[in-house]
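Put chain X on the given structure of chain F with help from the hints.
Protein chains: 2
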Amino acid sequence: MYPTFKTLLLLLLLLSHSITPTSATHHRHPLDPLTPSEISTVQRVISTSSLASLKPLTFHYVGLDDPDKPAVLAWLSNPTSAPFPPRRALAIIRAARQTREVVVDLARGTIARDRAHIGHGNPMLTLEEQTAACALPMKYGPFIASVRARGLKMERVVCEGFSVGWFGEKEERRSLKILCFYAEGTVNFFMRPIEGVTVVVDLDEMVITGYRDRVVVPLPKAGGTDYRTMKPKTKEKHSGVRKGFIVEGHMISPHRRPVMYRGFISELFVPYMDTAKEWYYRTFFDEGEYGIGLYASPLVPTKDCPANAGFFDGYYAGQSGRPVKVERVFCVFERYAGDVSWRHTETGIPNRVFTEVRPEVTLVVRMVSTVGNYDYIIDWEFMHSGSIKVKVGLTGILEVKATPYTHADQTTGDDIHGTLLAENTIGVYHDHFITYHLDLDVDGPENSFVVSKMETMRVARAYPRKSYWTVVRETVKTELDARVLLGRAGPADLVVVNPNKRTAVGNQVGYRLIPEGGRGTSLLSDDDYPQIRVAYSKNEVWVTAYNASEKWVGGLYAYQSQGDDNLAVWSLR
Amino acid sequence: MYPTFKTLLLLLLLLSHSITPTSATHHRHPLDPLTPSEISTVQRVISTSSLASLKPLTFHYVGLDDPDKPAVLAWLSNPTSAPFPPRRALAIIRAARQTREVVVDLARGTIARDRAHIGHGNPMLTLEEQTAACALPMKYGPFIASVRARGLKMERVVCEGFSVGWFGEKEERRSLKILCFYAEGTVNFFMRPIEGVTVVVDLDEMVITGYRDRVVVPLPKAGGTDYRTMKPKTKEKHSGVRKGFIVEGHMISPHRRPVMYRGFISELFVPYMDTAKEWYYRTFFDEGEYGIGLYASPLVPTKDCPANAGFFDGYYAGQSGRPVKVERVFCVFERYAGDVSWRHTETGIPNRVFTEVRPEVTLVVRMVSTVGNYDYIIDWEFMHSGSIKVKVGLTGILEVKATPYTHADQTTGDDIHGTLLAENTIGVYHDHFITYHLDLDVDGPENSFVVSKMETMRVARAYPRKSYWTVVRETVKTELDARVLLGRAGPADLVVVNPNKRTAVGNQVGYRLIPEGGRGTSLLSDDDYPQIRVAYSKNEVWVTAYNASEKWVGGLYAYQSQGDDNLAVWSLR
Chain F
1 MYPTFKTLLL LLLLLSHSIT PTSATHHRHP LDPLTPSEIS TVQRVISTSS
51 LASLKPLTFH YVGLDDPDKP AVLAWLSNPT SAPFPPRRAL AIIRAARQTR
101 EVVVDLARGT IARDRAHIGH GNPMLTLEEQ TAACALPMKY GPFIASVRAR
151 GLKMERVVCE GFSVGWFGEK EERRSLKILC FYAEGTVNFF MRPIEGVTVV
201 VDLDEMVITG YRDRVVVPLP KAGGTDYRTM KPKTKEKHSG VRKGFIVEGH
251 MISPHRRPVM YRGFISELFV PYMDTAKEWY YRTFFDEGEY GIGLYASPLV
301 PTKDCPANAG FFDGYYAGQS GRPVKVERVF CVFERYAGDV SWRHTETGIP
351 NRVFTEVRPE VTLVVRMVST VGNYDYIIDW EFMHSGSIKV KVGLTGILEV
401 KATPYTHADQ TTGDDIHGTL LAENTIGVYH DHFITYHLDL DVDGPENSFV
451 VSKMETMRVA RAYPRKSYWT VVRETVKTEL DARVLLGRAG PADLVVVNPN
501 KRTAVGNQVG YRLIPEGGRG TSLLSDDDYP QIRVAYSKNE VWVTAYNASE
551 KWVGGLYAYQ SQGDDNLAVW SLR
Chain X
1 MYPTFKTLLL LLLLLSHSIT PTSATHHRHP LDPLTPSEIS TVQRVISTSS
51 LASLKPLTFH YVGLDDPDKP AVLAWLSNPT SAPFPPRRAL AIIRAARQTR
101 EVVVDLARGT IARDRAHIGH GNPMLTLEEQ TAACALPMKY GPFIASVRAR
151 GLKMERVVCE GFSVGWFGEK EERRSLKILC FYAEGTVNFF MRPIEGVTVV
201 VDLDEMVITG YRDRVVVPLP KAGGTDYRTM KPKTKEKHSG VRKGFIVEGH
251 MISPHRRPVM YRGFISELFV PYMDTAKEWY YRTFFDEGEY GIGLYASPLV
301 PTKDCPANAG FFDGYYAGQS GRPVKVERVF CVFERYAGDV SWRHTETGIP
351 NRVFTEVRPE VTLVVRMVST VGNYDYIIDW EFMHSGSIKV KVGLTGILEV
401 KATPYTHADQ TTGDDIHGTL LAENTIGVYH DHFITYHLDL DVDGPENSFV
451 VSKMETMRVA RAYPRKSYWT VVRETVKTEL DARVLLGRAG PADLVVVNPN
501 KRTAVGNQVG YRLIPEGGRG TSLLSDDDYP QIRVAYSKNE VWVTAYNASE
551 KWVGGLYAYQ SQGDDNLAVW SLR
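Read top to bottom, the protein sequences are chains F and X. In terms of the UniProt record's numbering, the first sequence opens at residue 1 and continues consecutively. In terms of the UniProt record's numbering, the second sequence opens at residue 1 and continues consecutively.
Bound-form chain F, shown alone (with noise of 0.2 Å):
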């Protein structure tokens, strides 16, 4: 055994420190990254070789040569007696225009390999030739005649360079295309491209080959592109949600435009996979037998919640109908954990550096409901971009059979139903479909749903390029049609969209689901008994009209209940 994390670390630590190769004796990983010396090395090396003749000569890669893995790891295993795997640098170089792998061995300062390259491809670009090409459409009449034609300033443009891939050509110089913008009234140039002028660089000769200014169109305006015009939401280091929690809080602002009437988890159906006599039946409907209200958990401050969370109680009726409450039923807190809401780093500007961060801080709604042996971790989350996520964690204690087993060895040829965890104990197959009801009214109460597929599409012509995706929306017209199978029918967006309003430039307005991970459907057959009672369960997705009496898919008396008050019969009226 020995240690990864180790690995991670020391590489840590020596990235912050200058350390000379030729110390066998320094704390080092074999994967460690070269250091700047040598890198030095690898350059100082190469440049006083016979390779140095051969011009021009530019360096493409300069990393580590990875040494031999079972070298590596019997150094780990063993690092004061097994030998330190030798230290190795590859450079990849272009050397009078040919691409060459050379191997520096760094202890002893010398080429220890040295081959062309004769395949197909090129190796990375420079950043240095980059900057170099971009220059170069400066000075070209051209292109100056183009630039002024459309009447822009030679001092606003900025040009970036684009790979140019392949496209079946036999003979290809290693070239670069060139294309610019305009960085007149915002430094987000990226929103003004001079479009339909193309400039194509030869990067070895360093000399443009090819120039075509094939149309005019117009040039984006410069007003609402600048990013450094908007207030970072979070200069000050972001603050806590105070308790005794009010509507004015700097973080908490009304928000302006409807999304969702109301949302809730409308049946947590949890079956289990053993057909024992004491488990065929175990078939939860954690909502609708037991109640996840009535088994919410009083929340545990800076544990449960942060310490910046505001706590509030709840109540439910009794058997004897009296309130009994629940202290800390839920807490609402701002969350940062580090992330980023929005970045840019901008160079493409020369002779400016522009760096925009704002880190993300989003408001976090959470219960916790614990079903017996289950603790289900329920949170609401908003963003500042107004997307809502929703998220159950699932923990706790589970549910397990006890068994003569002692050894899985014991349990070949007979299907246990589950995992033998520890001796005499089974943790069972099962599932959680956790089921969401979304009265989503985007805009307003009268909402469509759309599916935005990605479709593949020739190109209809000869051409180099032959195939591309668009997007075909439709507009999904029955109940029976909105049931969705996620990503069966291929790669699709689902979209609930107000048809009555439309953007500024004239786009729909709504709001896509998003899954992320946890999908599935049931998997019992639709004759069992526990299914016919869930038959909405096969289906991740039903979208539905409105209807007030339909919130609870499983039912509304789901204790015994036989399926004929579930989403799957509503769908069918």
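Worth flagging that the hints you see were computed from the coordinates, not collected in a lab. For clarity, every value in this text was computed on a predicted model and none was experimentally measured. Don't take each hint at face value.
If several chains are the same, the list does not tell them apart, and a pair holds so long as it fits within one copy or across any two.
No more than 25 Å apart at the CA atoms, straight line, and that leaves these computed lysine-lysine pairs for DSS-like [unchecked claim]: (1) K389 to K551; (2) K453 to K538; (3) K303 to K389; (4) K277 to K221; (5) K477 to K69; (6) K453 to K477; (7) K177 to K277; (8) K69 to K551; (9) K538 to K391; (10) K303 to K69; (11) K325 to K303; (12) K538 to K389; (13) K501 to K389; (14) K139 to K277; (15) K177 to K139; (16) K153 to K221; (17) K69 to K501; (18) K277 to K170; (19) K391 to K170; (20) K177 to K325.
The following block gives chain X in isolation, referenced to the frame of chain F:
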């Protein structure tokens, strides 16, 4: 437009205060849950009505009777002049063994509607009846005999109620099955089921109507099951990562078992879907053509990474071969997002309540690469459980195309290969295919790839339960068979195991590959030049035998490559 989040906030406010429902001048929301006063009103109204003569009378649900949605929306649009929708409660009760739905007008304190439920199914269980039912076996002779016959002490027996479901029975009592556990030597009684003993209780009569002691099964041991003995790792507030970061940090201890030798992004293919002359070739290889490391952006402290992060510099070789420093090229931090690693609340042992909650703290290693317009936030997250998460956040600036169009209506009948984001600005459709190369060495370098499929099985004989699913494991033999299209072959787990290792009870040791969102394969035609260069992108997962030369799935020489050195080709060899 009316506020939606303000709804939520009012809701939260009111939960923490008792507000009598008769006061219309209080700031309330029509969808507020019932207050304890309102619940008490319902209890009083019903138990002083003629319904009270129907005994036994039990309350199974008391909640807000949904007000008319249009009335709610009308009030939300105009809270000062529109009428506040009247508050009503819905109570589902059992009265003389009949289920009834009773609607109570809260302002008037009268019953507005009372009707019997005559369909199938029963209301939610109450906590009180479950407790009462669970007490019955404790005084039931045959059960006491079963317990003693197993050498167990009645004082340590704990019982729980298990919903009976429906298996085609015509006439059915409202029953509950009681299963019991042994809480000796541990509070985690779920791990010590008294298997094979079933008690059936008629909930309305509250008597035992069925009993079976079918088989004696060994009781699992108590040792190692009590979760209270594990010291929570973060009993104190979580500590931050210190700069100048040491290996001996208490949070970051060397991992004792190997998991992965090396992991990295092997290629990042970004094809655009516009076939115009200036766009058809935009099929970038952000790793092999441009270089994720070359385009790494210096991280901004407290913004790109949280305040407790440690930063590390990095180096690459420029075109001259000389080292170029990137300051703060990656950061390492402990993440506490306010989430829970594990928790459980135990209420099943009479007169005792245990709660154990462990907050989740993880280790994040992050870098950002800004390849032109896009910023990629690349995270590796390490969990206490041993799980490793890879995440890439896509942010920055979109690549847009200028166009004469200023409104979407002008584009009817024309496929603009994207969305009109603003006047003269098309956001062009595109994909990002981020391919990770993970050299997994789970417990050592000899690993196998296992696909665990969940398959539906029919129960052999006539029986209440007709189906279940079980797991069929298949070790993949060839690389061709190991190409995986996620989800296409039915639900399955992908597991990398060490075939030479077993757990103490004989199970395999492995790591499961869990996809979360971000699925998808290339939609380009197989004969399209860019697709030839990334032929591997037709499958989401490839598993290959270790080969030191197979690092870059798009080929080492990706720039103008022709596809003869990509992962799909290697697997055919």
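Hints, verified against the model:
1. K389 to K551: Within. Shortest intra-copy distance 21 Å satisfies the 25 Å Cα cut-off; inter-copy 36 Å does not.
2. K453 to K538: Cα proximity of K453 and K538: in one copy and across copies (21 Å, 18 Å).
3. K303 to K389: both (21 Å within a copy, 23 Å between copies)
4. K277 to K221: So K277 and K221 pass the 25 Å test across copies only (23 Å; inside, 72 Å).
5. K477 to K69: between (59 Å within a copy, 23 Å between copies)
6. K453 to K477: within (16 Å within a copy, 35 Å between copies)
7. K177 to K277: Intra 71 Å, inter 12 Å, cutoff 25 Å: inter-copy only.
8. K69 to K551: between (59 Å within a copy, 13 Å between copies)
9. K538 to K391: within (21 Å within a copy, 30 Å between copies)
10. K303 to K69: Result: close neither inside a copy nor across copies, 43 Å intra and 38 Å inter.
11. K325 to K303: within (21 Å within a copy, 41 Å between copies)
12. K538 to K389: Classified as within: same-chain Cα gap 23 Å, cross-chain 30 Å, threshold 25 Å.
13. K501 to K389: Classified as within; 24 Å inside a copy, 40 Å across copies.
14. K139 to K277: Answer is between; shortest inter-copy Cα gap is 24 Å, intra-copy 86 Å.
15. K177 to K139: Close inside one copy (16 Å), not across copies (87 Å); limit 25 Å.
16. K153 to K221: within (15 Å within a copy, 82 Å between copies)
17. K69 to K501: This pair counts as between: shortest inter-copy Cα distance 21 Å, intra-copy 60 Å.
18. K277 to K170: Between copies only: 20 Å across, 71 Å inside.
19. K391 to K170: neither (53 Å within a copy, 39 Å between copies)
20. K177 to K325: neither (69 Å within a copy, 28 Å between copies)
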